[in-house]
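Q: One letter stands for each residue in the lines below.
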Amino acid sequence: MNKESDSKEMHRLFLAKADGTITNEEHARLSLMLHGSASVRSSWFAFQDAEAALLAWAQRETLASHAAPVSSSGAPPALTRGGILKFFGALAAGIAIGLVAWGVWAGLPVRFLQGESSAGANVESTTPSVAVLSRGLNMKWNQTTGVPAVNAPLSPGLLHLESGVAEIEFFQGARLCIEGPAEIELVSAGEAFCRSGRFRAHVPPQARGFRLRTPTGDIVDLGTDFGLDLNQSSPEVHVFKGEVELHQPKVQMQTLIGGVAAALNQPGAARTLAANAANFAFSDLDAGVNASQRLSFEKWQATSAEGNQSADLRLRLDFQDGPGTRSLRNTALHGQDIAPASIVGCSWTEGRWPSKHALQFKSLSDRVRLRVPGEYRQFTAACWVQLHGLNIRQGSICMSEGVDQGYVHWQVLHDGSLCLGIGHGVKPNQPVWEDFISPVVFTPERFGQWVHLAIVYDSAACEVRHYVDGKRISRHTIKLPVVLTPGLLELGNWNSPPKPEYRQQPVRNFIGCMDEFSIFTRAMTDVEVRALAQ
Amino acid sequence: MPNSAENSAASEQFITLLNATHGRLLGFLRTLLGNNADAEDVLQRTSLAIWRKFSEFDQGRDFFAWASSFAFYEAKNFQRITARSRLHFDEVLMERLAEERVADLDNQDARFAAMDQCIEELDVPGRELVREFYINNTDVASLAEKLGRAPQTLYNRLNTLRRLLGECVKRRLGHDSLT
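Residue numbers (numbering that gives the first Met the number 0), protein chains in the order written: chain C, 0 to 533; chain L, 0 to 178.
Any given hint could be a false lead.
As the list claims (entries may be wrong) - In silico PhoX-like links for lysine-lysine, alpha-carbon gap of 20 Å or less:
#1 Lys7/C to Lys169/L
#2 Lys2/C to Lys169/L
#3 Lys478/C to Lys169/L
The hints are simulated quantities; they were obtained by calculation from the structure and are not laboratory data. Predicted, not measured: the structure shown is a model, and the values here were computed from it.
The shape of chain L in the complex, shown without the other chains (with noise of 0.2 Å):
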């Protein structure tokens, strides 16, 4: 059993580690599978799975790039466990994807500090929709009930708030020039 000083040094750094990256991994999970809920599952087993082998972690490499590594293997078995009950891409389209994926990742941070302003730019009904929305795991039907609105009604008024929303980003980080 190893000495548990140098267990807790280890658990230690691997949480700061994987604290550092965790929102690329998410973030790269994310544009593999397409949604938050199975992003966040996958995520988890990955953490397990890079804590299983993380004494072979190599200190001088990037920990990213390791994880990474890890998570794209994690998200395909996801795939193969729950292929009859969802829709997948295939795997070219998930290898083309994590590859061009991990230097977009690049704009993470900026596309966020935008998408933090455009919030801002929305009226107060249009914003607390958004939250609702959120918030409830994306449940349309019982946000609508709550509401006392047809669900398509709100549906398609919500994805026209995150249409606008996206729109406002691309805006602010390629062209709206505030000189």
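Just chain C, with the same shape it has in the complex (with noise of 0.2 Å):
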């Protein structure tokens, strides 16, 4: 037999195992071959690995497309690992900690939660998404019921806001702001149900028909303001301008309109009060939230000021050069030899803050270029970046130019995940190459919102690690360990080696904004990187 007919045969017994149907003989010539041949054995772990990611992935996959709305009571998905999840809802029953990374693979948690991702699929995009979180203020939210970002799309499901206020937008068109403590159930795009707090919402014309539903009554509403507060003993209903329509069980439908207000545990009542906006004024975010973002600015700047001081910082581009500069400058103490970074086409725009400033990334021609000089045995870097979309094959935060050994190539791929990509030198003609892909991270849901991430080059651990927002999402060995060379590099783009037959250069140019980045001359800690992100 040859080597390929071998390797079929090898697979079809490791299949014939893993599905109950192998016979005695099969069985036996299995066990033979496991016994004799290392490379049998791993191949056989590699074929188990691969069936646990594929019944994880049928799980993850079965759940998007029921599109279960977030559970409000906070235990995993049912179809989940049936036999351990009984024991932990045994031993679990009296302890106070939510069971939530059990409904999705250790390490690829986030895809699930941020719905299906197709890119590079024949198969239109889809999202459960029914409204975003547009801004808020000291948002404290349940742990156990989730906690979405500001720009973050929300899907059906609960919301517990434990204090603070946080607005939304339903995609219908209608804002409602919430004051905590709140909880309230997103039902679709024009519809939610209110269980606790209080809430104000503006309803334009064109979302007419916005209905919040109570524990007391549903309120329709015909193009208006209203407010709803239900923390006190009698609910209340206060109608600022137009009208709402109240149902409420066995009594006919009330109409309210503007300066009017009506209890709501008295269904039919006629009595009705005057409609207080006083009470309502927490809507009114717009001070707050300048003030708040004035503040976390102004923390930036200290923390960065303090950072630049390390000693294992080598570059930090803070893009506070700001409008107006075609060049951005290295803060960091010890990395004074590297010559500013230049810019070439991008944007100036907002970063994270008001008063930061970011560039932005959107032809095939813009990106910012620099030469990071020495040898790194490890290495960290990490960046705050906002992107736009994924429509390239891959797309470059940072890469170094060409292909050699120690080059640095860090890239978000067209289906949403990152790879650190690490040269191991050009033999004979072709570039040695070792890649490190972490799952899936950039799902159309968090296209627009600010994200952290990191890689790590632990050459002493013998790993690299990749970070969404200070959370590690996945380790890989390293096979080979290189001392790194970053050299010439570009962010956001990618310049081949400069030879005849490169006169096409690929296009990877990223699609988004980046109002941060930096270079340390050691292998992070998860507790470190944590820090970075905050």
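Both chains come to you apart, so use the hints to assemble them.
A: This is the structure we're talking about:
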């Protein structure tokens, strides 16, 4: 038999063993093969991991296609891991910790939570989202029901705001301000169920019919502003402008007009009150949001000034050079030999806060070029980015020019995963490359949000780690550690080697914004990366 | 009876540790037992066993190393009980697989990540077939009936896809350079 048919036969036996269809004779043969060859055992391990990955994928895919709303009980989805969940159910009954991680395979959580990604596949992308968290002030969310990020799309399900104020814009156009403590269940792009808390809704004409349900009746808005207070012993609806319909069980629908309020616990009662706008002043978020953004920016400035002194920091582009300049200064104290980075194309825009500057990468010419001299056994790179789309095979975050040994290629792949590639030289005409690919990070739901990304090349632990928002999402064993020599780098783009046969440049431009980029000369720990992302 | 607060803290710590090693323990057991259902079954027995012995766990030790020794013992126990109904690897092979698998588990995350991308390379009917197969606990006969296809044809098609996916993972991790 030749090598290929040997390998097919081996795989056939693996499948028969896994599916329980193996015969006695086949089992004896498989055992003999496993006994006799380390390479067959290694293939057996890889085969079992492939089976586990497919099972986990199938479960996630099925959950996503059912568009399961966020579970209000915090219990894991029923489709997963029956046996062990029963055990945990019994054990955890009296313990106040969520088992949220059980619904998804460890290390691959983002994709399910963010919905379906089908970039690169021949089906149209879909999203279960119905609203967006547009802004907020001092928001503290219940950890069990989930902590949405500002600008994050929201899917149907329960939101539990413990304190602070959150503003949600429904896709049909209604805007709802929520004062914590409050519990609200998003139902659709034009409907929500309010369990507790205080709410103020602004419903423009195009969102007419917006429905807020409560335990004591439903409010249907006919284009107006109104407040809903469920905190009092007698819940009330206050209409400030326009008209709402109040639907309550067993009584006739009531129409309330501007200036009027009604108590909800006395269905049908004629008693109406004067609307009190002062009680809903929490919805005036502008001043508070501005002050909070200023504070965050000042905090960032102070932390950056301190961080710049660090002996491990080789490069920090803080992008505060601002509109009008065409270069970015390295603010790291120990990187003063690095010349300012030059901006090619790119336009200046607003970063994470109004006073923070950022560069926008849109066209295929946009890039930032710089040279980072030196050799690095350990390496951490971190940046704040806002991705706007995934329409090319590979988009550069930061890439060394060329493909030589020690070169660093950090990219977003077309399916939304991240890839750190390390060059191992060119032999004889083919670049040798080691790629470390993360699980899918960017789904359409994450476009437009500021995200902190970091990669760690840890040659001491012989591993590469990917981080998103300070959380480690994957680790990969380094097969062959090399000394990194980033050299000439481009942020947001890539120049392949300037050789005659490379007259056509691959298109690798990043589509989005960046407002900070750093390189450290050692492998940061999980705790340190988490601190960077704060 | 132990103090309830202490007990609750220990439970919480236990769940955190088990949660963090669940994927690796299951991956460890799969290679000894050969299929997911048995591995899950044994992992449940293992979880109970290590919970009972958790007070003896030395906090300075690696939890996976400690837990996997219980898992190995439980796997052997399971094989003894089910010896009549199933075909099993012999003890020498089990020991060898267990020993080598511990180091091999470092590759697990990368394989999962690669598979996540490889599956996206299949066409929609291929992906749907794979999804149905794993969701229905690999019951090909009912799947074939549902799709109105001959079971053997369906099984062959599935196994070709599983082999191609395995090769794709291997290629991605070893040779498929993205530069």
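Q: Is it true that the CA of lysine 7/C sits at most 20 Å from the CA of lysine 169/L?
A: holds (14 Å)
Q: Checking one constraint from the list: CA of lysine 2/C to CA of lysine 169/L, max 20 Å. Satisfied?
A: Holds, because 16 Å separates the two Cα atoms, which is no more than 20 Å.
Q: So if I understand the rule, the pair passes when the alpha-carbon distance is 20 Å or less; does lysine 478/C with lysine 169/L pass?
A: holds (14 Å)
Against the hints set out earlier in the document, no violation occurs for any number.
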